[in-house]
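**Q** With the hints as a guide, dock the two chains, each given alone in a separate frame, to form the complex.
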Amino acid sequence: MDTTETIILVSIFALAALLIALPRMLSRRERRRRDVAVGGDPGGPDAERGGSQSGESVAVDDAESVVAKVAEEPDADGPGRRRLRDRLAKSRAPFAGMRGRLKARQLDDDAWDDLEETLLLADVGVPTTARLLGGVRDRARVEGLAEADGLPALLEAVIAEQLGDHGDRTLRLDAGRPNAWILVGVNGVGKTTTAAKLATRELARGHSVLFAAADTFRAAAADQLVVWGARIGVDVIRGQEGGDPGAVAFDAVQAAGARGIDLVLVDTAGRLHTKVNLMEELKKIGRVVERTPGALREVLLVLDATIGQNGLAQAREFAEGVGVTGVVLTKLDGSAKGGVVLAIEAELGVPVKLVGVGETADDLVDFDPAEFAAALVG
Amino acid sequence: MFDALADRFDGIFRRLRTRGKLTPSDVDEVAREIRLALLEADVNVRVVKSFIGRIKERATGAEVAQSLGPAQQVIKIVQEELVATLGGATGKLTVASRPPTVIVLAGLQGSGKTTVAAKLARLLEHDQGKRVLLVAADLQRPAAVEQLRVLGQRVSIPVYSQATDPVTVAREGVREAERLGRNVVIIDTAGRLQVDEEMMAELALVCDAVKPDDALLVVDAMTGQEAVAVAEAFGETVALTGVVLTKLDGDARGGSALSVKEVTGLPILYAGVGEKLEDFEAFHPDRMASRILGMGDVLTLIEKAETAFDAQEAAKAQERLAKGQFTLEDFLEQMRQMKKMGPLSSIVGMLPGMPKELRQAEIDDGELDRIEAIICSMTPAERRDPSKINGSRRLRIANGSGTSTQQVNALLKQFKMIQQMMKSMSKPGKKGKKGRMQLPPGMDPIALGGMPGMPGIPGA
Chain A
1 MDTTETIILV
11 SIFALAALLI
21 ALPRMLSRRE
31 RRRRDVAVGG
41 DPGGPDAERG
51 GSQSGESVAV
61 DDAESVVAKV
71 AEEPDADGPG
81 RRRLRDRLAK
91 SRAPFAGMRG
101 RLKARQLDDD
111 AWDDLEETLL
121 LADVGVPTTA
131 RLLGGVRDRA
141 RVEGLAEADG
151 LPALLEAVIA
161 EQLGDHGDRT
171 LRLDAGRPNA
181 WILVGVNGVG
191 KTTTAAKLAT
201 RELARGHSVL
211 FAAADTFRAA
221 AADQLVVWGA
231 RIGVDVIRGQ
241 EGGDPGAVAF
251 DAVQAAGARG
261 IDLVLVDTAG
271 RLHTKVNLME
281 ELKKIGRVVE
291 RTPGALREVL
301 LVLDATIGQN
311 GLAQAREFAE
321 GVGVTGVVLT
331 KLDGSAKGGV
341 VLAIEAELGV
351 PVKLVGVGET
361 ADDLVDFDPA
371 EFAAALVG
Chain B
1001 MFDALADRFD
1011 GIFRRLRTRG
1021 KLTPSDVDEV
1031 AREIRLALLE
1041 ADVNVRVVKS
1051 FIGRIKERAT
1061 GAEVAQSLGP
1071 AQQVIKIVQE
1081 ELVATLGGAT
1091 GKLTVASRPP
1101 TVIVLAGLQG
1111 SGKTTVAAKL
1121 ARLLEHDQGK
1131 RVLLVAADLQ
1141 RPAAVEQLRV
1151 LGQRVSIPVY
1161 SQATDPVTVA
1171 REGVREAERL
1181 GRNVVIIDTA
1191 GRLQVDEEMM
1201 AELALVCDAV
1211 KPDDALLVVD
1221 AMTGQEAVAV
1231 AEAFGETVAL
1241 TGVVLTKLDG
1251 DARGGSALSV
1261 KEVTGLPILY
1271 AGVGEKLEDF
1281 EAFHPDRMAS
1291 RILGMGDVLT
1301 LIEKAETAFD
1311 AQEAAKAQER
1321 LAKGQFTLED
1331 FLEQMRQMKK
1341 MGPLSSIVGM
1351 LPGMPKELRQ
1361 AEIDDGELDR
1371 IEAIICSMTP
1381 AERRDPSKIN
1391 GSRRLRIANG
1401 SGTSTQQVNA
1411 LLKQFKMIQQ
1421 MMKSMSKPGK
1431 KGKKGRMQLP
1441 PGMDPIALGG
1451 MPGMPGIPGA
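Chains A and B, in that order, give the protein sequences. Note that this note's numbering has the first sequence beginning at 1, numbered continuously upward. Note that this note's numbering has the second sequence beginning at 1001, numbered continuously upward.
The hints are simulated quantities; they were obtained by calculation from the structure and are not laboratory data. Do not rely on the hints blindly, as some may be mistaken.
As the list claims (entries may be wrong) - Ranges of calculated distance between the beta carbons of each label pair, as one might list FRET restraints:
| # | chain 1 | residue 1 | chain 2 | residue 2 | range |
| --- | --- | --- | --- | --- | --- |
| 1 | A | ARG231 | B | GLU1080 | 53 to 63 Å |
| 2 | A | GLY150 | B | GLY1366 | 57 to 67 Å |
| 3 | A | VAL142 | B | SER1025 | 30 to 40 Å |
| 4 | B | SER1025 | A | GLY150 | 30 to 40 Å |
What you are looking at is a predicted structure, and each value in this text was computed from that prediction instead of being measured. For glycine and all other residues, C-beta sits at the position ideal for the given N, C-alpha and C.
Extracted from the complex, chain B is given alone in its bound form (with noise of 0.2 Å):
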């Protein structure tokens, strides 16, 4: 997501940085550029107005007439504005003094209400402890409710409904919630257009019925620049507490959502990433704008990987690494834990300095399942020591793996490549802190990401 934002922005600061002195028309050709980005990421067309306007007017201004590199100057107040419409801190829940804590749900039509809904439950019930009840006021579209119904027994969480009207439901929804000693209630309401006067009054009803700590906007990131017109309408008729930002897993860019933040100051709290019920995160702005800016998302990555990696196991490999001993066992473990942080490309994009192509590579991870059979369809020696595997034993790791032995030789190939890369890489690292390994200098990640071998080897 916001890849194509951030290949833009890389592009424009790319060309800025060989500039020394900067003219007026240098200027607008930026703001041109940078428009026609945002333009085309959805982002909203009087928020890039008033973007523009702001860059022009700081980069003619005295701040960057009197700096010794102007372009520079340029691009960081491209940076910074960039993170002062996207940033802020990440927002939280607003929790109930007395639990219940009431959340509603509202949104379009198809935005992703129902789904998210059990998401969020499912997230709130496993990842912070709370008890949800599900409460499914959606009486509009047919089988709405039978859908809250499945989705809630797949994650355990009870769902209450009844066939009356939303108001009613909503209400007793909230009663059953305090019977059952649930902490937290999640409305699901129907979807519906922001200029349906009635159904609009209905959600306004629902709200004072069971005055909501949150009412949650739910938006679809492949909406256009309709979304801040619905924002702004939904945010009449109820106080909205935040934004939910959903399918996030495609191509789309994003920009109508950043543009919601930037016209009606909600935040966004979370967003769904994925088709299954927990692909669906917390939203941390200030990371998102580091990533649009092609800065990584660090943060991110250091979470995940401390909650996937086993801290004995890697600091094992890693002195193994450093000592040029790592094996394809080594690997194998290392992979297995990675792989719990979620897909690769997820972890690829929040790589800092990561070039376009990997960014933008369909990255297959049955791949890496593939990889894993091969290397577990080795004994042991031979894990330890890929230099004996002779043809027969290839032929034999191939028939095991269900795989061809042009392909256990590729794999073996590449590791020797990669064990010389690391080994190159580790060694002055092992001279300044004694077991430790630092990138050497002149080899960072974007000459990293760029290294041979990428191309060739013909697919088995």
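Here chain A stands alone, though its shape is the one from the complex (with noise of 0.2 Å):
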């Protein structure tokens, strides 16, 4: 077959296909979002992933191991914060900072090229970027800056006040009646790895915990879970691989108020935020743990310190779409800085409540402004 014409032939049916089923389409979404307006409910959505067994729940531990014999000291603030600095020192040793390059020069146009490509490299992207450089231009008027050394220190006050702004970082939790928290994200970021992060310092606390295994779709992500609980006291309610993962949380969600357990902590799959199916099934896994009215308390979003600005289209799309209430960032403890939450919280307002800064189970920190920003101004 000639080439020229395959592809005329292809385009014209891809065409057709197209303008036959466009109209629809595009009707069909425009109802979708006319149902959300006025909070009908879409109806449960046929998951891309399929599999559609209910959850099978497999309490894996006896439910005597729940509270936990954890050895470490709870972790209070002080030492939290000594560690994400140690540990962004350490990181950022071998790369001269702009701190550096500032030194005993003139505030000229180079100076204020170093200072935005420098946060243009913290993934800060250019609309924040802009804005944040503007704070600072008339900062520095004001004070009547002339040295260019001076600038980092007014940038990361600028940071530091901006996000200020964005006031409760705290996790919501009562004891004494099932809480539960949601983890969702794009694949990769650590979800799994967080809620057991989450788990080992909530633990510490004195609270008890439970963990739902929701992401019934990538392979072994259970088995992960499982191995986590073992190691740090937890019970796992499981579902079957492919299985529906509403079903799992629901279940997690009354099985913590059976056995009088604090939080829950539901692990769902990662999914890419474009995905319209798998948003509709995380909305399904919010609306089942509402069934106990009260009892979704955090939708983390947890996004991973090497994002670019795909990051503020995944917070949109996950703000929009399940009414995401703080960020975790993870792996922090690289060089990556993970400046478009910055964006974030200027746009979205959703506050970083967590950053993640090593591999070990205590390696999760309270966000604090001041250290992030000294950290990104490097």
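**A** Have a look at this one:
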């Protein structure tokens, strides 16, 4: 078959199929929007990943082992902060920071370019960088700054100030009744690991914890959670592979109610925010958790610190879909800086609540705006 | 993927085309816009800088000043530079002269190494007839070995592992492959941060032990500026031979990965484009460059069409099309073949000159299934002559296909319109070459994409 002919033919059929199907696709989308607007239930979506066997709950360990015997001291705020600083200092030592480069230099265009490049390299993004630099310029003018080495401090202050605006970074939990925290995010950001770290942290604070292995898609995801559960002494409610994640979440919240457990950590399958059906599946998980009214306390979006500008698109879609209440920034112990969270806080008002700075279970610390600003400016 | 970048360039070029002469400030403005477009796509700041530098230099040089259409010349320069930056020939895996060929996968945590291991194994075994052994040397992450075992089972490829240390597992894995007569070994290693000296040293030991023919860095397409630092650090530790790009099915703009190519010179060999194990393909940088420049990816489209379409059937359909005898039956047949080429949205992305609205439209392939159901619920006579479908037939078709009469109506109406459109399109071609169909002059794909009839028809 002649290739040009093939192409023309395929184009025509693709177009024909599109032209025939598109009007209705669009109108369906429109309708879905309307449903959402009036708060209607779009109905159980058939998730892309298929499979609808109801989740069969298997408590892996005996209930007695729920309360953990964690050896470590509860991590108070102090040590956590030191850890972040130490970690960041260690990973960034090899790189000559901007502070060094700006020493004893004039406040000229090059200095401003250097400042801009630092922010762009930290994945802050063009619009947010422009806004931050505007803030720094204003301050520099007001304070009559002439030397370039005053810039980093000013930038740090502007960033910290902006981050300070987004108030509540605490995780909501009322002991004595089931509280559910759902972990969401794209593939490979560290949701399961974060669940394990969160569990360790809450156990150390005297709360009882249960895992819901609602990632029924990725091969061996539940096994990964079971290994963690055995390590730190937390039971896992799991379903069959390919089963309904909503059922797992529902069972877990029910089990928590029956056993008097404080916190259910729902680990969900990684999903790209562009996959409509998978986002619907996530909404369903949220809905079934809310069958126990008031149980859904946090929806935490897990973001990898290496994320680029796509992080903003992710945050927007997840926030729209499932009402994200906070961000967990993982893998900050690399040299990546996760600057896109500045844009996320500014545009969407979703606060960063926790950062992951290491591999071990207690390397999850509270987000500190000043520390983060300092690390970002480098 | 890369669509957002393509749109930005499209806009910039379009504005340029309207200009006759170019002042230096015009060039500056274009440079600024290109810089912004690249930065928003996560292209590394330093790569952007040198790219813009080259454009400016050439755009203000004699090459442009002496040309008749300076704006056209600038467009050409930008295109050339972009192709040079992204481009190069398609890379290939190195095959060992004495089997087995050893492939090591390395990367940050969560970049998708384990999934890539299974996908690559499947591709090599099913498409190239290799016999692969997967080796699970990620002993770090809980259940990583189990994950690879499950994936291996799904693609029917054996998985080797043991609970010792990564170096031993890798070495024994290669030995096991020799014993089993497997000619490719894919070693999945633990994810590691490039600043973690201990883990990087371990990776070096693994590579020393097995002397890989291919050391591939797995990079998440959503990575930001960090990608370059990661690639450089991994490159210093082990002799990388290529990059595998993952999660390209999202809306990431992938600029970071392109920067990796520019800074390290490593070719991107493969791309992961979906959750299913078959969603994995060879990466062609030149084709990607032409996609970003809005010129479509015709080569891939041809390849896919050649495997999916039955040449004889297509020729017959074409003939009927030219004669204006194209029926719902033909349409059904062609639609089924087209579905074999993958999701409609990816086909649309490969077509040259498609308008932005279409490329970005969220296309639900389920709709095609519904159309198929409707057509299948018609009798052969009805398919040949839809005009005989009256009220009661319509109801029967709707019930048979699980749709509504409104949906059946909408389909018939759209089909009629398309039929007319095709008839008018196929006429000039018939005259030109016997039986061949060509796009008539003045009916380029852009105009086609902007056809009327898109909006309207309220949903049933």
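**Q** All the hints need checking, so say for each whether the structure fits it.
**A** Verification of the supplied hints:
no.	hint	result
1	ARG231/A / GLU1080/B: 53 to 63 Å	holds (56 Å)
2	GLY150/A / GLY1366/B: 57 to 67 Å	holds (59 Å)
3	VAL142/A / SER1025/B: 30 to 40 Å	holds (32 Å)
4	SER1025/B / GLY150/A: 30 to 40 Å	holds (33 Å)
Hint check: no violations occur; every hint is consistent with the structure.
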